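Chains as they are written, first to last, in our numbering: chain A, 49 to 376; chain B, 49 to 376.
It is worth saying that the hints were derived from the structure and are not from the lab. Because the structure is a prediction, the values reported are computed rather than measured. One or more of the hints may lead you astray.
Copies of the same chain are indistinguishable here, so a pair counts whether it falls within one copy or spans any two.
Straight-line Cα separation of at most 30 Å, DSS-like style, residue types lysine-lysine; simulated pairs [unchecked claim]:
| hint | residue 1 | residue 2 |
| --- | --- | --- |
| 1 | Lys310 | Lys332 |
| 2 | Lys254 | Lys270 |
| 3 | Lys172 | Lys364 |
| 4 | Lys172 | Lys148 |
| 5 | Lys343 | Lys325 |
| 6 | Lys310 | Lys343 |
| 7 | Lys343 | Lys172 |
| 8 | Lys337 | Lys63 |
| 9 | Lys237 | Lys364 |
| 10 | Lys321 | Lys337 |
| 11 | Lys270 | Lys132 |
| 12 | Lys331 | Lys148 |
| 13 | Lys332 | Lys343 |
| 14 | Lys83 | Lys148 |
Number of protein chains: 2
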Amino acid sequence: MRFLVWFESSSNKAKSLRCIPRAELERLLGLAHCKIISSISNSVMDSYVLSESSLFVSDSRFLLKTCGRTTLLRTVEPLLNLAKDYCNLDGITNMFYSRKNFMRPELQPYLHQNFENEVVVLDKFFDDGAGYCLGRLNSDRWYLYTLNPSPGVISIADQTVEILMSDLDQSIMSNFTMSVSCTAAEARKLSGMDKLFPPDLIIDEKLFRPCGYSMNGILGEKDSYITVHITPEQDHSYVSFESNIRFPHYHDLVALAVFLFKPRRFICTIFAKQGSKEYRRTKKEFSEKSIPGFKMCDLQLLSLPSHALIYAQFQKHAYVNSAKKLIE
Amino acid sequence: MRFLVWFESSSNKAKSLRCIPRAELERLLGLAHCKIISSISNSVMDSYVLSESSLFVSDSRFLLKTCGRTTLLRTVEPLLNLAKDYCNLDGITNMFYSRKNFMRPELQPYLHQNFENEVVVLDKFFDDGAGYCLGRLNSDRWYLYTLNPSPGVISIADQTVEILMSDLDQSIMSNFTMSVSCTAAEARKLSGMDKLFPPDLIIDEKLFRPCGYSMNGILGEKDSYITVHITPEQDHSYVSFESNIRFPHYHDLVALAVFLFKPRRFICTIFAKQGSKEYRRTKKEFSEKSIPGFKMCDLQLLSLPSHALIYAQFQKHAYVNSAKKLIE
Numbered sequence: 049m050r051f052l053v054w055f056e057s058s059s060n061k062a063k064s065l066r067c068i069p070r071a072e073l074e075r076l077l078g079l080a081h082c083k084i085i086s087s088i089s090n091s092v093m094d095s096y097v098l099s100e101s102s103l104f105v106s107d108s109r110f111l112l113k114t115c116g117r118t119t120l121l122r123t124v125e126p127l128l129n130l131a132k133d134y135c136n137l138d139g140i141t142n143m144f145y146s147r148k149n150f151m152r153p154e155l156q157p158y159l160h161q162n163f164e165n166e167v168v169v170l171d172k173f174f175d176d177g178a179g180y181c182l183g184r185l186n187s188d189r190w191y192l193y194t195l196n197p198s199p200g201v202i203s204i205a206d207q208t209v210e211i212l213m214s215d216l217d218q219s220i221m222s223n224f225t226m227s228v229s230c231t232a233a234e235a236r237k238l239s240g241m242d243k244l245f246p247p248d249l250i251i252d253e254k255l256f257r258p259c260g261y262s263m264n265g266i267l268g269e270k271d272s273y274i275t276v277h278i279t280p281e282q283d284h285s286y287v288s289f290e291s292n293i294r295f296p297h298y299h300d301l302v303a304l305a306v307f308l309f310k311p312r313r314f315i316c317t318i319f320a321k322q323g324s325k326e327y328r329r330t331k332k333e334f335s336e337k338s339i340p341g342f343k344m345c346d347l348q349l350l351s352l353p354s355h356a357l358i359y360a361q362f363q364k365h366a367y368v369n370s371a372k373k374l375i376e
Numbered sequence: 049m050r051f052l053v054w055f056e057s058s059s060n061k062a063k064s065l066r067c068i069p070r071a072e073l074e075r076l077l078g079l080a081h082c083k084i085i086s087s088i089s090n091s092v093m094d095s096y097v098l099s100e101s102s103l104f105v106s107d108s109r110f111l112l113k114t115c116g117r118t119t120l121l122r123t124v125e126p127l128l129n130l131a132k133d134y135c136n137l138d139g140i141t142n143m144f145y146s147r148k149n150f151m152r153p154e155l156q157p158y159l160h161q162n163f164e165n166e167v168v169v170l171d172k173f174f175d176d177g178a179g180y181c182l183g184r185l186n187s188d189r190w191y192l193y194t195l196n197p198s199p200g201v202i203s204i205a206d207q208t209v210e211i212l213m214s215d216l217d218q219s220i221m222s223n224f225t226m227s228v229s230c231t232a233a234e235a236r237k238l239s240g241m242d243k244l245f246p247p248d249l250i251i252d253e254k255l256f257r258p259c260g261y262s263m264n265g266i267l268g269e270k271d272s273y274i275t276v277h278i279t280p281e282q283d284h285s286y287v288s289f290e291s292n293i294r295f296p297h298y299h300d301l302v303a304l305a306v307f308l309f310k311p312r313r314f315i316c317t318i319f320a321k322q323g324s325k326e327y328r329r330t331k332k333e334f335s336e337k338s339i340p341g342f343k344m345c346d347l348q349l350l351s352l353p354s355h356a357l358i359y360a361q362f363q364k365h366a367y368v369n370s371a372k373k374l375i376e
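Make a model of the complete structure from these sequences and hints.
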């Protein structure tokens with residue numbers, strides 16, 4: 049689950065979201081059943097590794113990403129109040145709430161068992177919100193709730209990529225267990241995932257006992273992050289990768305990620321600015337080039353007022369594996 | 049609701065779907081609570097106007113379109129059996145089952161109250177079927193179930209446009225009542241909808257008592273149809289337009305249709321061959337040109353193995369109405 053909000057202020061007394069006291073953040077995260085494990089900062093952003101989750105707080109952007117049985121929606125109203133009370137941020141430029149379908153929705157807290165219920169909750173807090181379902185109702189899919197601000201509202205320059213991988217190769221996943229790796233850094237190096245990162249990424253990571261891995265990375269003094277979460281257990285293995293770094297070729301990034309992690313299937317979502325060069329190039333690459341070893345089962349494009357979304361779902365060809373050349 | 053199936057045969061003994069006896073067709077339609085009111089034919093197609101519904105039968109294509117409280121899904125299995133028994137058509141090239149969200153799903157028969165249930169039913173009859181939701185979960189949306197045949201399967205050249213208009217201008221709708229028009233032809237002429245039709249369209253139409261209108265049109269000796277259904281009642285006014293004719297500019301057709309019928313909001317779906325000139329042009333026109341008087345709220349593109357789908361939802365600007373120039 050992912051909850052991203054961009055705030056704004058109707059006054060000129062706005063303060064940074066980073067002014068929200070740590071104790072308040074902890075209380076907020078407690079509502080979602082998340083705890084802060086460690087944090088790093090640069091001059092524009094605070095990054096928190098949470099229990100199986102991540103939080104990034106910038107001046108006007110709040111991004112909470114959770115895995116497992118969390119209750120993320122409980123944080124919405126308290127977050128809006130904190131932003132108003134501590135930062136005079138009384139307006140929302142835009143927000144994006146999204147998640148993949150759950151493998152077993154009945155194991156989730158009642159609030160999150162059904163996206164239609166989540167839309168009803170979100171509609172209480174946001175005007176003109178729109179809920180979408182990308183992908184297949186009877187297979188992998190991805191839900192999104194976002195606002196449709198009137199044209200003229202400041203557009204947000206951020207672009208993000210998410211790669212949500214399922215059913216992964218157990219020989220790769222075993223690196224993220226305490227029985228194979230002693231430290232998070234060792235697990236990361238064994239998996240080869242550093243190849244996905246810019247060389248100057250500052251990394252905060254955690255290997256869980258007995259298994260599981262979370263990583264937040266931030267770039268120098270920029271408002272740019274990467275976050276990776278890994279659930280290695282064979283019967284529900286899952287890896288999520290997300291970043292707002294402007295990668296030159298998203299298609300190549302995705303091909304490399306799935307070559308490294310070897311999922312049987314994955315979803316990829318890319319938000320880019322409507323009409324931008326990145327959007328046009330990425331759309332063209334996903335339409336025309338294949339991801340080695342995979343069949344693209346679904347490709348959908350969604351136009352939003354400021355952004356365009358590319359959604360693609362892939363499944364492994366049983367017999368093809370020519371991705372190797374990508375990193376050789 | 050719309051159910052379109054393309055059949056094929058594993059033998060060389062295939063016969064036309066038009067060989068299915070009329071009594072069998074009537075029995076089949078009875079399962080959906082539809083009755084044949086009138087019919088016309090050309091050398092390649094039979095067209096039937098039904099009670100608030102339409103049926104078109106060609107050699108290998110079966111299209112049933114229903115409105116109101118029908119139970120279309122009940123016809124699926126019996127249709128597959130009829131095609132096999134009478135025509136040796138034992139395979140499905142592709143199928144498309146689609147509908148708009150209902151205004152009041154609780155008034156529908158149980159089977160059709162929830163698209164997820166409909167997907168479960170369809171999954172019993174079709175392999176590798178995929179259900180999609182285009183549009184917003186909390187506003188207007190359109191559901192589609194279709195097959196994902198492996199590449200190499202004969203692709204279907206048909207392209208279709210559907211315009212589903214809601215909340216229409218009552219001064220236009222009143223033409224489709226017996227108190228204003230004496231005949232279906234009079235209602236059609238008063239509404240100006242002939243402007244949407246090619247000049248050589250052969251029309252079979254019906255004005256219902258006290259109100260309501262249905263029309264099937266077929267083109268010369270071609271496998272091309274137009275069908276229009278109108279529910280004029282103020283509290284649930286609705287007009288659907290569909291055609292598989294290759295219109296030179298779908299964008300202009302849509303603009304003219306909504307200028308004539310004046311809905312407050314409408315959905316438009318266009319299926320075109322993947323990579324075709326029509327698809328590229330239509331996508332470009334919908335992305336770049338507005339429909340006069342309307343705001344495009346949603347634009348989604350869905351890639352399917354042989355076809356691409358454009359979905360767009362529009363709402364009327366309260367204050368703009370510059371569409372007039374389109375037909376002046």
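From the Cα coordinates, with 30 Å as the cut-off, is the pair Lys332 and Lys343 best called within, between, both, or neither?
-> Both, since 16 Å and 27 Å are each at most 30 Å.
How do Lys172 and Lys364 come out at 30 Å by Cα distance, when the copy is not named: within, between, both, or neither?
-> between (40 Å within a copy, 25 Å between copies)
For the identical chains here, do Lys337 and Lys63 meet the 30 Å Cα criterion within one copy, between copies, both, or neither?
-> neither (45 Å within a copy, 40 Å between copies)
Pop the pair Lys331 and Lys148 into one bin, within, between, both or neither, using alpha-carbon distances up to 30 Å.
-> both (21 Å within a copy, 28 Å between copies)
Should Lys310 paired with Lys332 be assigned to within, between, both, or neither, using CA atoms and 30 Å as the limit?
-> within (24 Å within a copy, 36 Å between copies)
Is it within, between, both or neither when you check Lys343 against Lys172 at 30 Å Cα-Cα?
-> Answer is between; shortest inter-copy Cα gap is 24 Å, intra-copy 40 Å.
Could you place Lys237 and Lys364 in one of the four classes (within, between, both, neither) given a Cα distance threshold of 30 Å?
-> Answer is within: at 25 Å inside a copy they meet the 30 Å cutoff, but 56 Å across does not.
Using 30 Å as the alpha-carbon threshold, which applies to Lys310 and Lys343: within, between, both, or neither?
-> Within one copy only: 14 Å inside, 43 Å across.
Same-copy or cross-copy closeness of Lys172 to Lys148 [CA-CA at most 30 Å] | Both: 22 Å inside a chain and 25 Å across chains, each within 30 Å.
Taking 30 Å as the upper bound on the Cα-Cα distance, should Lys254 and Lys270 be classified as within, between, both, or neither?
-> within (23 Å within a copy, 67 Å between copies)
Status of Lys148 relative to Lys83 across identical chains (alpha carbons, at most 30 Å) | within (22 Å within a copy, 43 Å between copies)
Taking 30 Å as the upper bound on the Cα-Cα distance, should Lys321 and Lys337 be classified as within, between, both, or neither?
-> both (21 Å within a copy, 19 Å between copies)
The structure does not agree with numbered hint 8 stated previously, though it agrees with all others.
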